[in-house]
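Undergrad: Chain by chain, the residues:
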Amino acid sequence: MMNEKVKIPPIVRLKYKKGELIIKQGDYGISIYKIIHGKVRIFSESGDTEVSLATLGRGEIFGEMTFLNRGTEARTASVRAVQDSELEIWHPGRLSNEYTQMPHAIQYIIRQVLERLIRMNKLVAQLTAKKLEKAKKPATPVEAGASQRRYYRKKMDTECIYRPVGSSPKLALHGKVKDLSMGGLGMEVRTKNALNFSHEKGDKFHINMVLPNGKKFAVTSKVLSTNNNSLLGTLLMGMEFSDVKEGDGRTLGFFLRG
Amino acid sequence: MAIDQLLYVYVLSEEDYPANAVIVREGSKGEWIYIVLEGKVKIKKNTPKGMVTIGAFKEGDIIGEMALFEAVVADRTRTASAIADGPVKVGVLDTNRLLKDFESISPQLKGLIKSLVVRLKETTDRAVQLATG
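Residue numbers (this note's numbering), protein chains in the order written: chain S, 403 to 660; chain G, 70 to 202.
Check each hint, because a few of them may be wrong.
[Said to hold, decoys possible] Under the rule of at most 35 Å between Cα atoms (straight-line distance), these lysine-lysine pairs were calculated in the DSBU-like manner:
no., chain 1, residue 1, chain 2, residue 2
1, S, K624, S, K524
2, G, K183, S, K420
3, G, K183, S, K419
4, G, K183, S, K533
5, G, K118, S, K532
6, S, K594, G, K114
7, S, K536, G, K118
8, S, K417, G, K179
9, G, K118, S, K441
10, S, K536, G, K127
[Said to hold, decoys possible] A few chain S residues facing chain G, derived, Cβ under 8 Å:
no., residue
11, I463
12, Y510
13, V515
14, L516
15, R518
16, N523
17, L529
18, K533
19, L534
By construction, these hints were calculated from the structure, which means they are not laboratory data. The beta-carbon is built from N, C-alpha and C at its ideal position, and this holds for glycine as well.
Looking at chain S on its own, in the form it has when it is part of the complex:
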């Protein structure tokens, strides 16, 4: 008994930055995590959609499902830090002996609780997906700015690359331009992009795209309004151009009047 105790790895503490992935759904992992400080979000991934299952804070535990499943299953959900967080990581060896020595009736009940939780998590993911289908009405582009309304505005659904002003030019976040006018644009991005970089009113972004007519277009824009759709996991930003190079202005005018 004493010897076994010596072999068990010590508890370690690790720090995670806001936005960092701690557990990836589908991976095999056996550690159990306790939050010392910070906040994490548990979510299930299906295709491109992230379905939030829970947000946990100080003192709470996660990763226990795989352990209680006796390490035979892959992680059933992903976990990401939503704040800078410090976690205590327990090697399950510490608890394995205790688990097998636990009274049989308690093991029996825990197995059922676990099965029910797995089923409920799946149900939440399914119901969310169903709601998502319903909500898939044509997205309403955010008005970029009332004063710009005299200009042509074109609706579109065109992919773009963007990055915050001041960030490394190597950074390429993905978004979709939903509408475009001489004064601004509406851009839709995945909510998760906002975990790593601020996407608030007043923030400025460099945006690069190829217009539907095949012309390249680059612009710097300022966020005027944001509209978070937590169900779809998207963030719609109404933006106003803060810097348009002459050539790009011409490209835009040509496109909008074309």
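Chain G: place on chain S using the hints.
TA: Positioned in the frame of chain S, the structure of chain G alone reads:
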């Protein structure tokens, strides 16, 4: 009978319910924990849009286990109703013995189990909200 023998020794008495009888009522207080011995049981929750079925239990399934975890359910208030889906026989488990069993395990493992039960309760509430909202 397909009931786990090691669990059957916890059964204090057996109760029979006719179809549609309420075995456990949501919102009431109670600490009995049951095991389904024969038949089927529907688990339902009250919502603004009426009763919603959140589970269907069969032989061997435990009913009312949340009462075991005081930290999860304040005052041992039942979080859902269990209703007989046809004639049902349940075993009433020895709650005191189960509580003693639970107390005998290490604080770390207990923390783990509580976290699991809290998550089940929250996820169930979430599912009900999504289904009726």
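Undergrad: All hints are to be evaluated individually against the structure, with a verdict given for each.
TA: Results of checking the hints against the structure:
1. K624/S to K524/S: violated, 39 Å
2. K183/G to K420/S: Since the Cα atoms of K183/G and K420/S sit roughly 27 Å apart, the hinted pair holds (cutoff 35 Å).
3. K183/G to K419/S: holds, 27 Å
4. K183/G to K533/S: Within the cut-off at roughly 31 Å; holds.
5. K118/G to K532/S: Judged against 35 Å, a Cα distance of about 18 Å means the pair holds.
6. K594/S to K114/G: At roughly 33 Å apart (the allowed maximum being 35 Å), K114/G and K594/S satisfy the hint.
7. K536/S to K118/G: holds, 19 Å
8. K417/S to K179/G: Between K417/S and K179/G the Cα gap is close to 25 Å, so the pair holds against 35 Å.
9. K118/G to K441/S: holds, 33 Å
10. K536/S to K127/G: Roughly 34 Å separates the two Cα atoms, so the pair holds.
11. I463: Hint on I463/S: holds, closest Cβ of chain G at ~4 Å, below 8 Å.
12. Y510: holds, 5 Å
13. V515: Since the shortest Cβ distance to chain G is 6 Å, the answer is holds.
14. L516: Since chain G brings a Cβ to about 7 Å from L516/S, closer than 8 Å, the hint holds.
15. R518: holds, 6 Å
16. N523: With Cβ-Cβ at 6 Å, under 8 Å, it holds.
17. L529: holds, 4 Å
18. K533: With a closest approach of 7 Å, the K533/S hint holds.
19. L534: Check failed: Cβ of L534/S comes no nearer than 11 Å to chain G, outside 8 Å.
Hint compliance for this structure: hints 1, 19 are broken, all remaining hints hold.
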